[in-house]
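Asks: Based on the sequences and whatever the hints tell you, model everything.
Protein sequence lines correspond, in order, to chains A and B. Numbering follows numbering that gives the first Met the number 0, in which position 180 of the first sequence is assigned residue number 179; successive positions increment by one, without gaps. Numbering follows numbering that gives the first Met the number 0, in which position 47 of the second sequence is assigned residue number 46; successive positions increment by one, without gaps.
Treat the hints as calculated values from the structure; they're not laboratory data. Here a beta-carbon is modelled for each residue, glycine too, at the ideal position from N, C-alpha and C. The reader is advised that the hints may include incorrect statements.
As the list claims (entries may be wrong) - The list that follows gives simulated cross-link-like pairs (lysine to aspartate or glutamate, EDC-like), each with its CA atoms no further than 16 Å apart:
#1 K35/B to E33/A
#2 K35/B to E25/B
#3 K35/B to E36/A
#4 K35/B to E43/A
To be verified - Covered, in the sense of this in silico footprint (three residues per stretch, anywhere, with C-beta under 8 Å from a C-beta of chain A), are these stretches of chain B:
#5 73-82
#6 92-101
Stated by the list, open to error - Partial selection, computed: residues in chain B whose CB lies under 10 Å from chain A:
#7 S49
#8 L53
#9 R56
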Amino acid sequence: MNEFVDECRREWRRLGVSDPVANEMAADLTADLEEAEAEGGSPEDVLGNSAFDPRRFAASWAGARGVTGPPPPDRQSFWRLPVAIALTVLLGVLTLGAGLVLLVGRASSSIAFATRRIMAGPGPLRIFGPGGRIVVPGPRGLPIVGTQITGVGVHPVAWVLLIAGVVGLGVLAVLYWSRWSGPRRYRRHEGSRTPSWN
Amino acid sequence: MGNNEGRRSQLLRGVLDLCLLAVMGEGPAYGYEMTKRLRGRGLSTVGEGSIYPLLGRLERDGLVETRRAASNGGPPRKYYSLSPEGERALEAGVSEWQATRDAVDGALGLVKAEVSP
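Replies: Rendered as structure tokens:
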């Protein structure tokens with residue numbers, strides 16, 4: 000019996016029912032359950048099938064009385080917001096920075112290649128290999144092949160940071176949306192729920 | 000058997016508020032007391048569900064008035080009684096129920112006449 004009432008209390012608290020109203024409902028419920036028990040009855044005699052579903056019963060009762068309110072403030076919400084803002088700013092700066100580095104890197108690479116090609120001039124030294132790749136002589140005459148022209152070889156870290164930043168911002172956006180829309184959906188549902196017998 | 004109970008439960012669901020207002024008309028009562036009054040009038044299927052949400056709705060709609068008073072040696076209870084608006088709602092509901100019941104009786108009476116030898 001106490002477990003049932005305790006479970007109801009938890010549900011009322013979750014639904015934002017004020018303490019005085021929750022105490023009143025709990026006291027009435029406890030008194031009725033105790034009276035039924037004293038008469039040799041069971042909780043089902045008082046609550047019917049609702050005796051097996053305290054949370055639904057509590058929500059139905061509170062909804063019918065119109066005593067549900069905003070949910071109690073989450074202790075961690077105060078800290079979650081600044082952390083979320085800081086994360087968003089960090090990821091934004093990271094994404095922008097990485098994108099900027101890639102853009103600048105690509106432009107400077109092109110300039111450098113053009114300069115080096117002009118300086119190298121005709122001869123055995125080939126600056127550009129097949130597919131736009133760079134071929135420069137190595138220490139023992141072996142060619143060293145790079146892919147700087149695509150920017151991948153020059154700034155792999157920037158690419159990783161860019162992707163991580165975009166993905167992180169996406170995850171934050173999803174988390175923010177779900178946090179914002181969750182209680183709103185529930186509240187709308189509660190408001191439209193027709194108080195039922197059960 | 001199960002179907003019959005289900006049908007009865009559905010039928011009662013539509014008029015349980017009227018039944019509660021009616022037993023309140025006999026005098027103020029708290030939640031479980033009303034359950035017992037209903038059971039005493041043969042509405043044992045009230046055990047299929049709880050009357051508390053319904054009482055909450057009646058209170059919210061202003062059809063009942065409440066006061067907290069000591070019960071017989073027990074803790075203070077919340078007593079429900081009819082408000083003037085509740086009395087009017089009860090009268091209107093009873094008329095509506097009687098009209099519906101007569102119409103249903105008329106329809107079912109025809110079926111019974113055909114089935115009976």
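Asks: Taking the hints in turn, state whether each one holds.
Replies: Hint check results:
no. : hint           : verdict
1   : K35/B to E33/A : 14 Å, holds
2   : K35/B to E25/B : 13 Å, holds
3   : K35/B to E36/A : 13 Å, holds
4   : K35/B to E43/A : 13 Å, holds
5   : 73-82          : holds (count 5)
6   : 92-101         : violated (count 0)
7   : S49            : 4 Å, holds
8   : L53            : 6 Å, holds
9   : R56            : 4 Å, holds
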